[in-house]
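Visitor: So the chains spell out like this:
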Amino acid sequence: MSTATEPSTLKAWLLAEEPTSRRQARAASVYQGWLTMRGNTLTMIGLGILIFLILCAIFAPLLATENPFAQDLANRLKPPGWEGHIFGTDSLGRDIYSRLLYGARISIYIVLLVAAVAPLVGLMIGTIAGYVGGVTDTVLMRATDIFLAFPRLVLALAFVAALGAGIENAVLAIALTAWPPYARIARAETLTIRNSDFIAAVRLQGAGPIRIIVRHIWPLCISSLIVRVTLDMAGIILTAAGLGFLGLGAQPPSPEWGAMVAEGRKYILDYWWVATIPGLAIFSLSLAFNLIGDGLRDVLDPKGGE
Amino acid sequence: MTSTETHAPRRQIMPKWLKRVLGTAATISVTLLGLLFVTFMIGRVMPIDPVLAVVGERASQAQYDAVYQELGLDKPLLVQFGIYITDVLQGDFGRSIRTGMPVSDDIARVFPATLELATLGTLLGVFLGVPLGVIAAVKRGSWIDQTARLVGLVGYSMPIFWLGLMGLLVFYGILGWVAGPGRVDIFYDGIVEPITGMLLLDSALRGEWDVFRNAFSHIVLPACLLGYFSLAYISRMTRSFMLEQLSSEYITTARVKGLSEWHVIWRHAFRNIRIQLITVIALSYANLLEGSVLTEIIFAWPGIGSYITVSLLANDMNAVLGGTVVIGVIFVGLNLFSDLLYRFFDPRSK
Numbered sequence: 000m001s002t003a004t005e006p007s008t009l010k011a012w013l014l015a016e017e018p019t020s021r022r023q024a025r026a027a028s029v030y031q032g033w034l035t036m037r038g039n040t041l042t043m044i045g046l047g048i049l050i051f052l053i054l055c056a057i058f059a060p061l062l063a064t065e066n067p068f069a070q071d072l073a074n075r076l077k078p079p080g081w082e083g084h085i086f087g088t089d090s091l092g093r094d095i096y097s098r099l100l101y102g103a104r105i106s107i108y109i110v111l112l113v114a115a116v117a118p119l120v121g122l123m124i125g126t127i128a129g130y131v132g133g134v135t136d137t138v139l140m141r142a143t144d145i146f147l148a149f150p151r152l153v154l155a156l157a158f159v160a161a162l163g164a165g166i167e168n169a170v171l172a173i174a175l176t177a178w179p180p181y182a183r184i185a186r187a188e189t190l191t192i193r194n195s196d197f198i199a200a201v202r203l204q205g206a207g208p209i210r211i212i213v214r215h216i217w218p219l220c221i222s223s224l225i226v227r228v229t230l231d232m233a234g235i236i237l238t239a240a241g242l243g244f245l246g247l248g249a250q251p252p253s254p255e256w257g258a259m260v261a262e263g264r265k266y267i268l269d270y271w272w273v274a275t276i277p278g279l280a281i282f283s284l285s286l287a288f289n290l291i292g293d294g295l296r297d298v299l300d301p302k303g304g305e
Numbered sequence: 000m001t002s003t004e005t006h007a008p009r010r011q012i013m014p015k016w017l018k019r020v021l022g023t024a025a026t027i028s029v030t031l032l033g034l035l036f037v038t039f040m041i042g043r044v045m046p047i048d049p050v051l052a053v054v055g056e057r058a059s060q061a062q063y064d065a066v067y068q069e070l071g072l073d074k075p076l077l078v079q080f081g082i083y084i085t086d087v088l089q090g091d092f093g094r095s096i097r098t099g100m101p102v103s104d105d106i107a108r109v110f111p112a113t114l115e116l117a118t119l120g121t122l123l124g125v126f127l128g129v130p131l132g133v134i135a136a137v138k139r140g141s142w143i144d145q146t147a148r149l150v151g152l153v154g155y156s157m158p159i160f161w162l163g164l165m166g167l168l169v170f171y172g173i174l175g176w177v178a179g180p181g182r183v184d185i186f187y188d189g190i191v192e193p194i195t196g197m198l199l200l201d202s203a204l205r206g207e208w209d210v211f212r213n214a215f216s217h218i219v220l221p222a223c224l225l226g227y228f229s230l231a232y233i234s235r236m237t238r239s240f241m242l243e244q245l246s247s248e249y250i251t252t253a254r255v256k257g258l259s260e261w262h263v264i265w266r267h268a269f270r271n272i273r274i275q276l277i278t279v280i281a282l283s284y285a286n287l288l289e290g291s292v293l294t295e296i297i298f299a300w301p302g303i304g305s306y307i308t309v310s311l312l313a314n315d316m317n318a319v320l321g322g323t324v325v326i327g328v329i330f331v332g333l334n335l336f337s338d339l340l341y342r343f344f345d346p347r348s349k
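Chains as they are written, first to last, in numbering that gives the first Met the number 0: chain G, 0 to 305; chain Y, 0 to 349.
Here chain Y stands alone, though its shape is the one from the complex:
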């Protein structure tokens, strides 16, 4: 006992760890502050007069001035930025001109729809993409590998909005296998009392199986679309991670020991790429939130992507910037999550 007390400076581990956490926290807050600064500046250089947007063209000068002061536009830019940050930190993104509701309420309403879609897409991408990548790496050069390569290449080159339209044309227009645009048929709209806001989950929880079936037939096509793009990315990354592992010496050792091929691949090689894979999946999830902008427009999906776009076309700047900040924060969060995961689980990066 005494020897450990004299030799191992145990207390020093704690400050190091704390220092790292503090450092990361500082980095994130600076990034978030910069993110807000960018959106704030975008809002300022807008050619649209924010006062006119509120009072309308025919307001008197007195009304105009009153709103001008109310919006704080007479204050110095830095003070305005300070006010903006304070508001945003309290979850106040201002009021949407288009819907007349606070932007934060709007986002809370539309976000679950995006989350539902992106989650389903990522699940598809993971459950199909990971095995595909592993098999492609193991059977390198075979037809499976070539197929995986083709899938990836097409996925990287395909305009997502166009593929979505083609999907609608074939599976909805010609074959009639799935339901068309929208989240659920109007007939079923509003039957299910929201719990999580995710319709599939809610209808299952409430036992409304008709609604569930209908919502499922609506979500299949956009989810497969996002899933395909996720699959293209995940399978390509999985393949290259696996190739790296399979060429290592410990794999040769395992084979020489006479372990079965199954054991070598899944118990040895795959085990070592799990952390890298989770990082990739987190990034792919973040990318799907972005990819959902165009997908939601095609499928008339009432999520955050179409909220931003429709607000943009209506010159509703508070809504656009609010949505941008929320997506940016989620992006930073997921990146940070994968980064931390990597750091804590991969002993080499310590």
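One chain only, chain G, in its complex shape:
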């Protein structure tokens, strides 16, 4: 196993015709994917936007010019550029620019949480249904169909109604509506893997069903799930922002972007920037995920490639 010291040898190691270790083969395939993605301008733009927004979220306390919660009623609804307020102030005189920075934290937090919970639930249900089969499969897949039968936003609304408004409950509601497609994908993958020889071999060695599912089936399902999650990220952001807009997600005075649009809605005709600017932020974040998702799909799914 050769370890690279110089960049040129690292590149050579990554592009080797015949990988000598499993690690090298895996690194090489990732690198090949990266090379393909780098050629796609739109994807790189998306990646750029995303990295920029993540940096904004991380360094929000340093970049913010004011306290995002500090009210200044004397300076309400001032236009962008007014006395150091880059994006103006809202109806309570809070600096919109600083609120946007802190809002990025909330949006990214929600997306990451949903993207961690929903695929995991789907993975568990899908693989169990696919591996065990029979009645279990029927019951679990029926349940999946039932959840798919509801339009997502409406079901999320009903869940939030039951759980109460708030970020955590919004995350839970979105995750509860988002898992069924993952379960379907995981089940389909499991069905193709289940009867292969290596599973039979592991079973003959005495591995139990839990070990087989967790150690041997899950790793093979993950790549198709990741693509799907990336493609769903934009939808998650839009649903979360929609819940925030309806007053069912993050609660005031939280600078969640959807809630900020809702607050600016009352003043839309006279003070356009209060609602417009947070909306642009939502749009740029979900656009970034859509661009990346498109590129990733081209790399990981050669069938859909053009």
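No lab work stands behind these hints: they were computed from the structure. The model shown is predicted, which means the values in this text are computed figures rather than measured ones. Honestly, I wouldn't trust all of these hints.
As the list claims (entries may be wrong) - Quick list of the computed label-pair ranges, beta carbon to beta carbon:
(1) L203(G) x L312(Y): 56 to 62 Å
(2) S283(G) x L312(Y): 26 to 32 Å
(3) A11(G) x L242(Y): 50 to 56 Å
(4) F186(Y) x Y266(G): 24 to 30 Å
(5) Y341(Y) x K10(G): 47 to 53 Å
(6) L17(Y) x R141(G): 18 to 24 Å
(7) P130(Y) x P79(G): 52 to 58 Å
(8) R342(Y) x R21(G): 30 to 36 Å
(9) Y266(G) x G181(Y): 33 to 39 Å
(10) T251(Y) x A11(G): 28 to 34 Å
Claimed, not checked - Going by beta-carbon spacing under 10 Å, a handful of chain Y positions derived as facing chain G:
(11) A285
(12) E289
(13) V331
Glycine included, every Cβ here is placed at the ideal spot set by N, Cα and C.
With chain G's structure known, arrange chain Y on it following the hints.
Guide: Relative to chain G, chain Y alone:
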């Protein structure tokens, strides 16, 4: 004649067909039952006390107990679920606390407004999206294709409520081309006796052209908004269906035969994607019913989406769950419709 009787087991086709229908029916009823179970459970885990919502804070213990029993809350959960199903099957979703009317009456009143909006939006999406998708596929890589891609990308990334606000700001606030939020100006409200509940249709049927014009200028903006999202989806799907067809060998054959390009595209390729397209349109229609939740809030449109949301904010659970069930059933219905269509018209999926 005798040979067909001995060879072709004609009678067996019927049971197969019947079996499939029965199977589908069973699937649907299980799905619907599950749908009701989910809404029932959501209603049960609510932190709001349903009795207090009826009797108010200051009721005596005796009054409280009476209502508690009347609502059937003393019975086991399974019995309660049974009662709930029986009620829902009879179209009884309980009474709305906010409006004081039976939820089913409320929904019957507000639903036509949503239907009107979603139908107009879908029509826009189909008549613009299908040609756009076909042209994008035929002229692949051209500026039309790039435009179609951009339209789709923006449509998938745009928060619908924000785009609606921007539309109001520009076309109502600044340009003044269209009317503002609401379904019709107050001046015209209640002039037209409802026939279908869809104001545009009713006013046209009754010949009230002033009302029609006013209602039209109100519906243009929300309908265009929904139409745009429908267009983004339909054009993208049309494009990929067409690309698949255009790369088939029969298209090459048709071209080699010397058929005109117009003939090849519309008579050969397009004809083969019609069924897939109808499926996509049905799904897009179902999605618009959902997308209407946020749109209706922005445009103060008195449809089922704003009914659910406003009830939710008023903790009016019967209304929320009733609305959710109705939308869920329509969703299942449209999915089933497209599924059946596919099965009966596409010989390959048989």
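Visitor: Identify every previously stated hint that the structure contradicts and give their numbers, smallest first.
Guide: Of the numbered hints given earlier, those the structure breaks are 3, 7, 8, 9 and 10, listed in rising order.
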